[in-house]
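Asks: Listed below are the residues making up each chain.
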Amino acid sequence: MLAFLLRRIAVMLLTALCLTFVVFFLTNLQPNLEKLAKAEGNSRMTDAEVTSFLETRGYARNVFVKYGEWLGVLPGFVIEQPDGSVRGRCFERADSVPPDAPAFCGVLQGDWGYSSVFRDDVGSIVATRLGLTAKLMFWVMVVMVPSALILGVLAGMREGSRTDRSLSTVSILSTATPEYVSGVILIAVFASSAVGLRWFKGTAASAMENATLENFLLPVVTIALYGTGYIARMTRASMAEVMTQQYIRTARLKGVRFRDIVLKHALRNALIAPFTVIMLQFPWLLNGVVIVETLFNYKGFGWTLVQAAGNNDIELLLAVSVVSVFVVLVTQLISDIGYVYLNPRISVA
Amino acid sequence: MEPLSWTGAFAPLVPVLWTALAAVAILALLRWIAGFFLSEGDTQTQSDGTLAVTRGPLEMLDLATWWALLAALAVVAIFVAGGAALAEGAGILGAMSRRLLPVWIALASTFALSLTFKRRLGLYGKLFDSTIGMIGFALVMFWVFAAFMGAFGLIVTHDPLGQSGAMKNELPGMPYTRMLGEVAEGSYPYYLLGGDNLGRDVFSRMIAGSWVVVQIAPMATAFAFMVGITLGLPAAYKGGRLDELLSFLANLILAFPVILLFYLLVTPEIVETGIPAYMAAVMFLFPIAFIAILLNSRYRTRPALNTPLLIAVIGGLGWVYLSLISERFGPLDILPQALDLFDIPGGILVVFVSVVFVNSPTVFRIVRGLAFDIKTRDYVAAAQTRGEGSWYIMLWEILPNARGPLIVDFCLRVGYTTILLGTLGFFGLGLPPESPDWGSTINDGRKLLAIYPHPAIVPALSLLSLVLGLNLLADGLREESLRD
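Each protein sequence line maps, in turn, to chains A and B. Position 246 (the first sequence) corresponds to 246 in UniProt numbering; numbering is contiguous. Position 478 (the second sequence) corresponds to 478 in UniProt numbering; numbering is contiguous.
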């Protein structure tokens with residue numbers, strides 16, 4: 001088990017390194033840097049001014065070196081400016097290198113850089129935004145997981161029955177409704193003056209401080225809806241498979257009540273597969289979060305991703321991608337470990 | 001001119017429809033609850049060997065639900081058929097039904113032909129044994145026909161990009177005027193589903209949007225399948241280092257949040273560097289490689305046939321490939337203008353590439369999983385004993401036997417690709433801003449959603465119905481392919 005874990009974590013770190021490098025490379029391409037220079041300086045800079053802007057701020061160097069500095073394994077750059085002062089990665093512009101300035105300042109040292117859009121420290125932005133999104137995700141999970149499992153178990157316990165067919169249709173319908181469709185429909189029905197049912201609010205901006213049913217239900221339901229159908233279908237398939245097993249037949253022949261068979265014999269075994277599916281849903285939910293936060297103007301992590309990507313805010317975008325890649329990989333790991341733990345038939349030696 | 005009402009002459013039928021639908025819902029709920037307390041009617045074997053079921057209260061409820069459902073469907077059928085006959089006389093629904101008349105005819109003839117010959121049509125024919133599959137197929141074919149006919153100018157009522165100062169945010173059924181008070185002679189007199197925030201016709205944009213999806217989604221999915229199959233089969237069959245490397249790469253792409261990837265690939269700055277064009281150049285090689293290997297592995301023992309066939313296929317596809325990737329003044333300006341068959345309009349190629357890129361790793365994993373299972377079968381061992389080449393075994397022994405799950409997944413994946421295209425449009429990535437595709441239209445419409453929901457609701461429901469159709473079709477196919 002330990003070897004398996006170590007191997008998985010090693011692969012995970014390698015994946016994270018590769019992915020962050022890809023993001024780093026793409027955000028540091030020449031046209032992106034020129035756009036950054038024009039956004040930071042002024043939009044009417046000449047080509048020569050852009051070049052000198054990029055050179056004095058350490059952008060015009062080898063991408064591997066820059067990546068190493070960002071990561072914190074190479075010492076931060078120190079560049080002498082045309083006017084004699086120096087500018088470095090790890091300190092503000094000064095006449096000479098400050099004695100207390102650290103040599104390394106990258107992600108490994110906990111320095112995530114500075115956001116050029118929000119004019120703030122990347123670390124603190126990501127922390128606040130993640131907190132807001134965690135609140136959203138918590139309620140999504142509270143709504144989505146029980147409803148999906150109940151739907152799936154009800155449908156799967158009598159395969160082919162009327163309940164099964166109608167619930168399966170419901171779950172197909174929900175998987176066919178991406179967030180930007182269900183969100184639009186829900187807002188139009190429950191929050192617009194055109195239909196008249198003004199039960200909820202079409203924006204969740206006020207839910208950031210004070211989440212109430214009125215301003216938070218629609219975004220939560222919108223995200224939950226898309227995932228519910230998928231998890232329900234997986235639960236149904238796994239439940240239906242369990243119900244054909246020999247030990248269920250034995251229990252039925254012994255005369256155990258159907259309800260007891262479902263609750264005591266089938267349920268635990270039927271929930272192994274949905275557990276991994278729920279874990280693997282996180283990357284998808286991330287997608288949903290981005291769409292819903294944009295649609296409902298909830299300024300969380302997904303909204304930050306859109307802002308960072310739309311404005312080529314390099315360091316914020318990198319931090320966002322590190323976090324999201326980390327979430328994806330950790331949930332994959334948990335799903336694998338959980339699968340092994342829950343399923344006695346599988347063992348990793 | 002008066003604005004059109006929704007149902008016009010059929011207005012008295014609307015309460016009937018609502019009553020029938022409410023009856024269906026209430027009766028179904030009652031049936032479900034009653035199912036816990038009452039037992040079903042007894043089955044008795046009669047002396048001639050047939051079964052008879054006694055009618056209990058549950059069976060009566062079933063029958064009532066069924067009749068209510070039939071009544072609702074009959075009203076809907078009257079709306080469609082009567083609307084096609086009466087046109088504007090039957091309100092907005094009637095006028096739309098008249099505009100969609102070619103689609104109804106095409107759908108009806110497709111179904112008539114398929115149902116007549118369904119026993120001779122293999123898996124496609126079997127689809128018509130499943131109600132779910134038929135509903136899904138009808139929804140999908142509705143949009144396919146509407147898209148093609150719309151592209152030939154049959155259904156659309158106005159130019160999907162044409163703006164009108166007088167029609168901004170007008171409600172469905174408003175008479176069309178180009179400017180205030182000015183009646184446009186000769187053009188269609190109404191905006192059937194209203195106007196959007198720039199005064200464009202929502203109905204025409206809906207039809208034009210389906211053309212964008214129908215053009216890109218199946219092709220992109222097919223490309224993703226070719227990439228996934230060409231890499232997934234050897235990964236599973238050969239295993240070892242190759243498998244590890246390819247799986248690692250696939251997982252790498254899968255660990256990337258899709259939206260981040262889109263933002264990184266589809267922004268104008270990245271397009272300027274030519275990275276999507278180079279990716280296209282690599283990815284479009286896979287179909288050629290796939291087809292060439294497919295033919296070569298089959299006919300390599302017959303050089304007299306094989307050589308000319310390969311030359312023709314590679315030459316033809318290569319020309320298409322070169323004209324596909326080479327773009328005038330683009331990053332890859334390889335082919336001289338005279339030889340360039342066609343140019344893909346800006347943005348479409350980038351969208352296409354990124355959608356293929358996102359889909360291929362999943363297809364790779366599915367193909368790899370299926371091939372792992374199939375390569376242990378006896379017929380594979382038999383082919384190995386005969387001394388067949390490994391590509392022959394992969395493409396002509398393993399692949400055909402994995403077709404069932406792959407066809408089902410193809411349908412699902414076209415739906416997923418439609419959702420991805422919508423996501424791209426929703427974030428305003430790739431396609432031009434005035435593009436009528438559903439995602440961009442939803443994005444346009446959502447700003448005024450609280451006051452004028454119709455410009456966003458129409459494309460949202462269209463996308464929903466197409467994806468739902470594809471999912472139902474996949475479900476029907478899965479059921480029917482599992483049956484034998």
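Hint data in this document are derived by calculation from the structure and do not stem from the laboratory. The C-beta atom is built at its ideal place from N, Cα and C for all residues, glycine as well. Be a bit skeptical, because a hint or two may be false.
[Unchecked claim] Pulled from the structure, derived: some chain B residues nowhere near chain A, Cβ distances all over 10 Å:
| id | residue |
| --- | --- |
| 1 | Pro-257 |
| 2 | Glu-269 |
| 3 | Asn-471 |
[Stated by the list, open to error] Listed next, with one range per pair, are the computed distances between beta-carbon atoms:
| id | chain 1 | residue 1 | chain 2 | residue 2 | range |
| --- | --- | --- | --- | --- | --- |
| 4 | A | Ser-43 | B | Val-313 | 49 to 57 Å |
| 5 | A | Phe-138 | B | Met-179 | 47 to 55 Å |
| 6 | A | Val-340 | B | Ile-26 | 46 to 54 Å |
| 7 | A | Asp-120 | B | Pro-433 | 29 to 37 Å |
| 8 | B | Pro-12 | A | Tyr-247 | 36 to 44 Å |
| 9 | B | Asn-306 | A | Arg-162 | 54 to 62 Å |
| 10 | A | Tyr-114 | B | Phe-152 | 48 to 56 Å |
| 11 | A | Phe-21 | B | Ala-25 | 34 to 42 Å |
Asks: Hint by hint, note whether the structure agrees.
Replies: So, going through the hints one by one against the coordinates:
Annotated as non-interface, Pro-257 (chain B) brings its C-beta within 10 Å of a C-beta of chain A; the closest such distance is 5 Å. Not every C-beta of chain A lies more than 10 Å from that of Glu-269 (chain B), the closest at about 4 Å, which undercuts listing it as non-interface. Annotated as non-interface, Asn-471 (chain B) brings its C-beta within 10 Å of a C-beta of chain A; the closest such distance is 5 Å. At about 51 Å, the CB distance of Ser-43 (chain A) to Val-313 (chain B) agrees with the hint of 49 to 57 Å.
Separation of Phe-138 (chain A) from Met-179 (chain B) is about 53 Å and conforms to the stated range, judged on CB atoms against 47 to 55 Å. Judged by the Cβ atoms, the range 46 to 54 Å given for Val-340 (chain A) and Ile-26 (chain B) holds: they are separated by roughly 48 Å. The beta-carbon spacing between Asp-120 (chain A) and Pro-433 (chain B), approximately 31 Å, falls within the hinted interval of 29 to 37 Å. A hinted range of 36 to 44 Å is violated for the C-beta pair Pro-12 (chain B) and Tyr-247 (chain A), which are about 59 Å apart.
At about 56 Å, the beta-carbon gap between Asn-306 (chain B) and Arg-162 (chain A) stays in the expected band of 54 to 62 Å. One distance hint, 48 to 56 Å for the beta-carbon pair Tyr-114 (chain A) and Phe-152 (chain B), holds here, with the actual separation near 55 Å. Roughly 55 Å separates the CB atoms of Phe-21 (chain A) and Ala-25 (chain B), a value that falls outside the hinted 34 to 42 Å.
Of the numbered hints stated above, those contradicted by the structure are hints 1, 2, 3, 8, 11, listed in ascending order.
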